[in-house]
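As a plain string of letters, each chain reads:
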Amino acid sequence: KNEVEQSPQNLTAQEGEFITINCSYSVGISALHWLQQHPGGGIVSLFMLSSGKKKHGRLIATINIQEKHSSLHITASHPRDSAVYICAVSGSARQLTFGSGTQLTVLP
Amino acid sequence: NAGVTQTPKFQVLKTGQSMTLQCAQDMNHEYMSWYRQDPGMGLRLIHYSVGAGITDQGEVPNGYNVSRSTTEDFPLRLLSAAPSQTSVYFCASSYVQGGYGYTFGSGTRLTVV
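So the sequence lines, in the order shown, correspond to chains A and B.
129 is the number that our numbering gives the last residue of the first sequence; the numbers go up by one with no jumps.
135 is the number that our numbering gives the last residue of the second sequence; the numbers go up by one with no jumps.
In case anyone wonders, no lab produced these hints; they're calculated from the structure.
A couple of the hints might just be wrong.
Some chain B residues flagged as far from chain A (calculated, every beta-carbon gap over 12 Å) [stated by the list, open to error]:
#1 Ala-46
#2 Asn-50
#3 Gly-75
#4 Gly-85
#5 Glu-94
#6 Asp-95
#7 Leu-101
#8 Ala-104
#9 Val-134
A partial selection of chain A residues facing chain B, derived with a Cβ cut-off under 8 Å [as the list claims (entries may be wrong)]:
#10 His-54
#11 Gly-63
#12 Ile-64
#13 Ser-66
#14 Met-69
#15 His-94
#16 Arg-115
#17 Gln-116
#18 Leu-117
#19 Phe-119
#20 Gly-120
#21 Gly-122
Virtual Cβ for every residue (Gly too), placed ideally from N, Cα, C.
Taking the hints into account, I'd like the entire structure generated from these sequences.
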């Protein structure tokens, strides 16, 4: 069973700051997913990665397959970025194993 | 395009009652799955299906049943509700073929008293 660890568990930033959330996993995977969950809301898929780097707006996700590590970066953070960010990994069977999430609060 | 639709959004059950959480998707996804989310535990897989007529257990299947009679629908049944099943439940779907992300429903908050 894959173990997925996220850090930090909680993160408070000032508006405009550059934010990094980390994710590491224990066993080889077919893909890594970054998800966003707003308070009281559903879960939105941000990125799916199997190698390299992806960018969408102010969000950047990277993965290092050899080191079994991924990072999610938010540039020029904004209060609307406040949410729980969840890392999940999937193997060939498509089942997801989730990290426990990072609660991000961006203060104005 | 509705995506993944979960009903109900909220439910309160008494211990021992049964109920069905509904999940429907309109994206022709073969893979559908149910998760529960508990504070401090993260999301955990309950059951999943890779196509109509095919289901399998996930990490925490006890107390839950599923069936998949159509591609679109994947209901989750609580046979005899227990307080330990108080949780937020999410349904998600995807293509079986790798390279595609997952679409999640908006969740069902279940309280068992």
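Now the hints, each set against the structure:
1. Ala-46: It holds; B:Ala-46 is separated from chain A by about 15 Å at its closest Cβ, greater than 12 Å.
2. Asn-50: At roughly 16 Å from the nearest Cβ of chain A, B:Asn-50 sits farther out than 12 Å, so the non-interface label holds.
3. Gly-75: The claim stands: B:Gly-75 keeps its Cβ more than 12 Å from every Cβ of chain A (closest is about 17 Å).
4. Gly-85: With a cut-off of 12 Å, B:Gly-85 remains clear of chain A, as the shortest Cβ separation is near 19 Å.
5. Glu-94: holds (18 Å)
6. Asp-95: The claim holds: B:Asp-95 sits with its nearest Cβ about 19 Å from chain A, beyond 12 Å.
7. Leu-101: holds (23 Å)
8. Ala-104: holds (23 Å)
9. Val-134: For B:Val-134, whose nearest Cβ neighbour in chain A is about 20 Å away, the distance exceeds 12 Å, so it holds.
10. His-54: holds (6 Å)
11. Gly-63: holds (4 Å)
12. Ile-64: holds (4 Å)
13. Ser-66: holds (4 Å)
14. Met-69: At about 4 Å, which falls below the 8 Å cut-off, the nearest Cβ of chain B leaves the hint on A:Met-69 intact, so it holds.
15. His-94: violated (19 Å)
16. Arg-115: holds (5 Å)
17. Gln-116: holds (6 Å)
18. Leu-117: holds (7 Å)
19. Phe-119: holds (4 Å)
20. Gly-120: Holds: closest Cβ of chain B sits about 6 Å from A:Gly-120, inside 8 Å.
21. Gly-122: holds (6 Å)
Checked against the numbered hints above, the structure breaks only hint 15 and satisfies the rest.
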